[in-house]
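K.L.:
Here's the letter readout for the chains.
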Amino acid sequence: MTAPLRERTDSRTQGGKPAVRLDGVSKIYGQGRNGLLALDNVSLSVGQGEFVCMLGASGCGKSTLLSLVAGLDSPTAGRIGTEGRRIAMMFQEPALFPWLTVSANVEMAMRVQGVAKRERRSRAAEFLEIVHLGGFGDKRPHELSGGMRQRVSLARALAQDADVLLMDEPFGALDAMTRDLLHDELERIWRERGLSVLFVTHNVREAVRLGDRVVLLSSRPGRVVEDFPVTLDRPRHTDSAEVAEIAGAITGRLREEVMRHGS
Amino acid sequence: MAVDQATPDTHARQLAGLDALELGGGTRGGLAPRIWGRVWPMVLAVGMVVAIWQAVVWAGFWPDYVFAGPAEVVPVLGDRLTSGEYWEAIGVTMRRAVTGFAVSVLVGLVLGALVSRIRVLRAAFGSLITGLQTMPSIAWFPLAILLFGLTESAITFVVILGAAPSIANGLIGGVDYTPPILLRAGHVLGFRRLQLYRHVILPASLPSFLAGLKQGWAFAWRSLMAGELVVIIAHQSSLGERLYYDRELADSAGLLATMIVILVIGIGVDLLFETADNSLRRRWGLQQVRN
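In order, the protein sequences belong to chains B and S.
All the letters of the first sequence, read from the start, carry residue numbers 1 to 263 under my numbering.
All the letters of the second sequence, read from the start, carry residue numbers 1001 to 1291 under my numbering.
So here's chain B without its partners, still in its complex pose (with noise of 0.2 Å):
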């Protein structure tokens, strides 16, 4: 395939300078005492080609930090450094465009870079290749299923040519088989690109099925309690022994930081 692949000359350097750097960020809405601290004293990296799964129960911010560090929001205190790397991001809605159609949505990306119009239409065509929906460029949408259009979402993000990819509760509408194919196809696009994946869900499994470090993130206000390495070989399966027994050790972890919220 002649994706357009970026050199990297080694993509999964563990070490070397993170791609994702937030040092102390707290986030407060509203003003004084009614000010809601939705995140507190958060430090955490994704390394260069690292893929970080962030999880919590809900009221954690996860949202609010992805919102962060795609710069729809600013934090209230700390920094958050991403040294100039382009950041895409996803939303659990496929969030596309309806008046335009699957390829228009992918060349929008490209827009903003002042992609020649012809040179846009071609590349968002290998993008939709990747993501397995060659033929459907001159659909609308609405005509695509829900995992479909969450494919092409994907391909907009990957066509922004980004060095960091967000994501929020992507595949949280899914269906479980799509779900599972969906986590091979980013796991072989992030391989592929050299990516370093934020990704933010609720679900255990899917977290460590995916991730390099499972993040674990309390509620109200949002603080990293811990912060799990997943080592196991990939590809990995969600319904997997292995997968299946870390994804215990952390869920009774999360389960411990919810009781904390009842007493």
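Accuracy of the hints is not assured; some may be wrong.
To be verified - Derived CB-CB ranges, DEER-like:
#1 ALA116(B) x LEU1286(S): 31 to 39 Å
#2 ALA116(B) x LEU1150(S): 25 to 33 Å
#3 VAL112(B) x ALA1276(S): 24 to 32 Å
As the list claims (entries may be wrong) - Non-contacting residues of chain B with respect to chain S, defined by C-beta distances greater than 10 Å in every case (computed):
#4 ALA95
#5 ARG118
#6 MET177
#7 GLU256
As the list claims (entries may be wrong) - When the alpha-carbon atoms are kept at most 20 Å apart in a straight line, the in silico DMTMM-like pairs for lysine to aspartate or glutamate are as follows:
#8 LYS117(B) x ASP161(B)
#9 LYS139(B) x ASP1019(S)
#10 LYS117(B) x GLU129(B)
#11 LYS1214(S) x GLU1152(S)
#12 LYS117(B) x GLU93(B)
#13 LYS139(B) x GLU1274(S)
For the record, the hints were derived by calculation from the structure and aren't laboratory data.
Just so it is clear, CB atoms sit at the ideal spot from N, CA and C, and this is done for glycine as well.
Once you've looked at the hints, dock chain S against the given chain B.
P.N.:
For chain S alone, kept in the frame of chain B given last:
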């Protein structure tokens, strides 16, 4: 634990299989049945209206020369529609409608774009625009006649005042209701300010803008008819002017015939907007499920 190791190839095939299953093919029916499906309810509606009209005439509340029945109006309508003079009158009215509406679209677009983008303008003019929208257009005519005299400009002025606020409001509403997720997506893709406005917000507001256009047309058409009744310009026959003289001459059949023409034009233009709206809905996937 035995987990089958999927190769990249079986992946692609599994995905393709799921995709094919998800996309149950739905096709649109043929053209002729679709047109027939639209036409017969209309024919039914017209039939019912004519029947009620005839019934009222037969009830004899008014003498024939005051309230003519369908049997008298249809021949008069036929006569008029075969005379070049009458078509000239229709032509004048349509020309006024089209130019007035075109200028309204322009004014509405500029006004809507400015007010939706600039916060100070919104605070200053937002409710004024809505206020203008509710102002009966006929109330503008005394002022318009003072300003422009009994001229076409007076009519166009009122048509624009009637239509532009609706069009501007349609655009403003569309901008306000742009789905936040699309804004976020646009932002993440790198669009900022004007580019975000042009590539995300404006296209996203198209359905609301179209609704504004439709309402704007309705207001333009009403204002125009009011204007043509009030501002009679010599040597320039128009539909409103025909209504005026038919009343002066107590020509009930002629009056009703012209009213039918006005109604039909209004419905015809509305159908155009509906067609545009339907095609937009189809492309965006906003069609309602039909039971």
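K.L.:
Could you run down the list of hints and mark each one as holding or not?
P.N.:
Hint check results:
Between ALA116(B) and LEU1286(S) the beta carbon distance is about 32 Å. The supplied range of 31 to 39 Å therefore holds. Between ALA116(B) and LEU1150(S) the C-beta distance comes to about 57 Å, which lies outside the given range of 25 to 33 Å. As the Cβ distance of VAL112(B) to ALA1276(S) is approximately 30 Å, the hint placing it in 24 to 32 Å holds. For ALA95(B), the condition that its CB be more than 10 Å from all CB atoms of chain S is violated, with the nearest at approximately 4 Å.
At roughly 19 Å, the least C-beta separation between ARG118(B) and chain S is larger than 10 Å, which holds for a residue marked as non-interface. With a cut of 10 Å on Cβ distances, MET177(B) falls inside the contact zone with chain S, its closest approach being about 7 Å. With 10 Å as the threshold on Cβ separation, the claim that GLU256(B) sits away from chain S holds: the shortest Cβ distance comes to roughly 28 Å. Proximity of LYS117(B) to ASP161(B) is assessed by CA-CA distance (about 16 Å); at most 20 Å being required, the pair is judged to hold.
The suggested pairing of LYS139(B) with ASP1019(S) holds, with an alpha-carbon distance near 13 Å, which does not exceed 20 Å. Proposed proximity of LYS117(B) and GLU129(B) is supported: the alpha carbons are some 18 Å apart, at most 20 Å. Under the criterion of a C-alpha separation no larger than 20 Å, the hint pairing LYS1214(S) with GLU1152(S) is inconsistent with the structure, at around 23 Å. Restraint check: the Cα-Cα separation between LYS117(B) and GLU93(B) comes to about 27 Å, which exceeds 20 Å; the hinted pair is violated.
Distance restraint check for LYS139(B) and GLU1274(S): the Cα-Cα separation of roughly 23 Å exceeds the 20 Å cut-off, and the hinted pair is therefore not satisfied.
Violated hints, listed in ascending order, are 2, 4, 6, 11, 12, 13; each of the other numbered hints is respected by the structure.
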